[in-house]
Amino acid sequence: MTWRLFVLGGACLLLLGVGGQCKEQRNRRTVSFHRTQQFGNHGKVLSRPERDTIASPSPTFTAWFHGDDGSSFTVTWVGDGTGVILTADTPVLDNPGGVIFTSTDAGVSFKSVQLPFHPAQPITFHFLNPEYLVVISIDGAPRVIYVSSDQGDHFNKAQLPSASTEQFYSVLDGDEDMIFMHVDNPGEESYFGTVYTSDDRGIVYSKSLERHLFGGEGKSDFTNVTSMRGVYLTNILEEDGRIRTVISFNRGGEWKLLNKPQNVECGEDSRNDCNLHIHGEHSHYNGITPMLPLSDPTAVGLVIAHGSVGDSISSARPDVYVSEDGGYKWRGALRGAHHYSILDSGGLVGQCWKVYNFTEQPIFFAGLTSEPGTKTMNISVWGYRPEDDDQPMWVVVTIDFRSLITRECGNQDYVQWLAHATEGGDSATEGCVLGYKVIFRRLRKLSVCRNGRDYVNSSECMRQLDTADHAQEVCLNGEEEELRTSGYRKVPSDRCEGGFTPLRREETREKMVLIVVCVGVGIVILDDDRSIAADPESVTTSNGTSVFQVDSDD
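Per the working numbering, the sequence shown runs over residues 175 to 728.
Keep in mind that the hints were calculated from the coordinates and are not lab data. Every residue gets a Cβ at the ideal spot worked out from N, C-alpha and C, and that includes glycine. Hints may be right or wrong, so weigh each one.
Simulated crosslink set (DSBU-like; lysine-lysine; CA at most 35 Å straight-line) [unchecked claim]:
id	residue 1	residue 2
1	Lys434	Lys619
2	Lys611	Lys381
3	Lys503	Lys611
4	Lys619	Lys528
5	Lys381	Lys430
6	Lys381	Lys331
Cβ pair distances, simulated, as ranges [what the hints assert, rightly or not]:
id	residue 1	residue 2	range
7	Asn330	Phe575	48 to 56 Å
8	Glu412	Gly547	37 to 45 Å
9	Arg491	Ser621	27 to 35 Å
10	Thr572	Asp414	47 to 55 Å
11	Pro471	Glu384	28 to 36 Å
12	Glu442	Ser489	14 to 22 Å
13	Cys440	Arg375	38 to 46 Å
14	Glu412	Ala490	16 to 24 Å
Starting from the given sequences, assemble the full structure and let the hints guide the process.
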């Protein structure tokens with residue numbers, strides 16, 4: 175899920191970050207802007223510069239604006255052109271903090287807010303919830319992230335590992351409940367990092383996945399499987415250089431390898447370590463696959479993707495694989511790379527495939543399109559063929575499945591299906607994810623009928639269990655805080671009630687800044703009684719300074 179600017183209720187939100195401020199800005203002075211120069215190609219996707227500080231949405235069109243006070247700014251339209259971000263050309267570091275300008279009237283007027291830090295550009299936020307802003311501070315090193323949940327009026331420091339100037343942060347996905355954040359691993363050519371998940375405020379983060387692949391071209395394979403709640407796919411880079419696909423069914427709480435497809439055999443060299451591995455954005459960017467993994471909320475449980483079977487992902491010849499239960503089980507569908515689309519809310523899942531000529535003359539294939547969305551029964555194949563004058567002639571062939579499948583589905587054509595259910599599971603907890611079960615009404619596999627545009631995947635929720643937080647983080651900011659904690663934190667969007675309720679306790683701790691002269695590289699951990707948990711060798715110098723040597727794999 176990409177974080178970008180978008181039009182909300184007819185008003186476009188614009189953001190402006192500058193390094194300094196003047197008295198008039200603090201008094202909320204109105205500033206108007208005038209375009210002076212523009213460049214770029216609308217619709218062209220630009221990749222993130224290598225080792226950039228943040229993986230932002232790819233800009234498609236850029237222009238320069240000048241304020242009526244002579245200041246210079248840059249405006250960037252993002253994605254489909256409805257999103258706009260205004261940023262200062264050069265931040266100023268003389269003042270304690272920068273200024274952010276926000277507008278809800280398409281840039282007619284701006285509201286300024288004093289920041290406690292100088293923001294890096296661009297300012298990033300979620301396209302479904304523009305109230306949440308994410309920005310990196312450029313005040314020295316290491317860098318830290320600030321998060322706002324009120325459209326920039328207030329910012330809080332995110333409890334994430336700090337990053338050097340060579341590292342970057344990337345918002346992988348997020349909604350109103352939780353943010354997935356990638357933190358780059360130290361090293362100029364590491365190409366992997368760690369994924370963290372946030373609380374519902376976007377401030378406190380827990381470690382979710384290590385060695386997460388993030389290519390040098392700024393591409394991540396992190397995929398939200400929108401057809402099943404809580405399911406995410408991505409690739410990791412093993413220490414031996416292999417790239418492998420992992421999946422989470424509980425919003426990053428646990429990750430596991432994909433199961434081998436039921437109808438595909440493994441090679442002799444990978445029989446003991448055989449799984450399905452999915453091609454994502456990294457492969458698509460490098461031309462290995464023509465399409466990314468496809469899923470849609472209207473087609474419950476359906477996932478279509480290119481992949482390979484073995485001990486790691488292979489670029490030799492990707493095939494098409496299909497899952498009908500959100501990624502638990504897979505089957506091979508087509509050999510080789512293909513274009514695909516979802517029609518009739520997932521009702522047209524093919525069991526058998528045949529070659530059919532849709533045109534009398536050959537054409538150069540350009541793509542597939544279905545309108546409106548995944549509920550339609552129509553699919554258009556478009557391409558072009560050269561004419562006698564060598565000028566291309568565009569050709570569109572529309573296939574209407576309503577002439578083949580004429581019967582509307584009835585109640586007898588549907589069956590109840592428990593999401594996240596697996597064979598041999600505990601009947602009491604089977605299908606329970608994030609505190610509740612969901613039962614959908616889905617089309618039977620052998621029913622030859624059409625759902626239609628009015629079809630809605632009705633579901634019934636049953637709340638069960640109570641889950642503890644999968645990680646607990648303690649933040650050291652050198653300040654005194656009163657903590658109200660039970661050692662557990664409910665996962666965002668978890669709807670469980672009753673069951674296990676951890677006891678709460680109040681603690682007041684004085685955060686410490688520990689200065690240690692280290693020989694080598696290591697980590698010093700303090701117990702609650704402030705004693706050293708490890709058993710390092712200690713040497714006391716003439717001035718009373720203790721030098722600790724702590725061995726560490728890192």
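How the hints compare with the structure:
1. Lys434 <-> Lys619: holds (22 Å)
2. Lys611 <-> Lys381: Measuring from Cα to Cα gives roughly 26 Å; hence the hint holds.
3. Lys503 <-> Lys611: OK: Lys503 and Lys611 at ~19 Å, within 35 Å.
4. Lys619 <-> Lys528: holds (19 Å)
5. Lys381 <-> Lys430: holds (15 Å)
6. Lys381 <-> Lys331: Since the Cα atoms of Lys381 and Lys331 sit roughly 17 Å apart, the hinted pair holds (cutoff 35 Å).
7. Asn330 <-> Phe575: 48 to 56 Å: holds (51 Å)
8. Glu412 <-> Gly547: 37 to 45 Å: Holds, since Glu412 and Gly547 (Cβ atoms, about 38 Å apart) stay within the stated range.
9. Arg491 <-> Ser621: 27 to 35 Å: holds (34 Å)
10. Thr572 <-> Asp414: 47 to 55 Å: holds (49 Å)
11. Pro471 <-> Glu384: 28 to 36 Å: holds (30 Å)
12. Glu442 <-> Ser489: 14 to 22 Å: Holds, since Glu442 and Ser489 (Cβ atoms, about 20 Å apart) stay within the stated range.
13. Cys440 <-> Arg375: 38 to 46 Å: Check passed, 45 Å falls within 38 to 46 Å.
14. Glu412 <-> Ala490: 16 to 24 Å: With a Cβ separation near 19 Å, Glu412 and Ala490 satisfy 16 to 24 Å, so the hint holds.
Violated hints are absent here; each numbered hint is respected by the structure.
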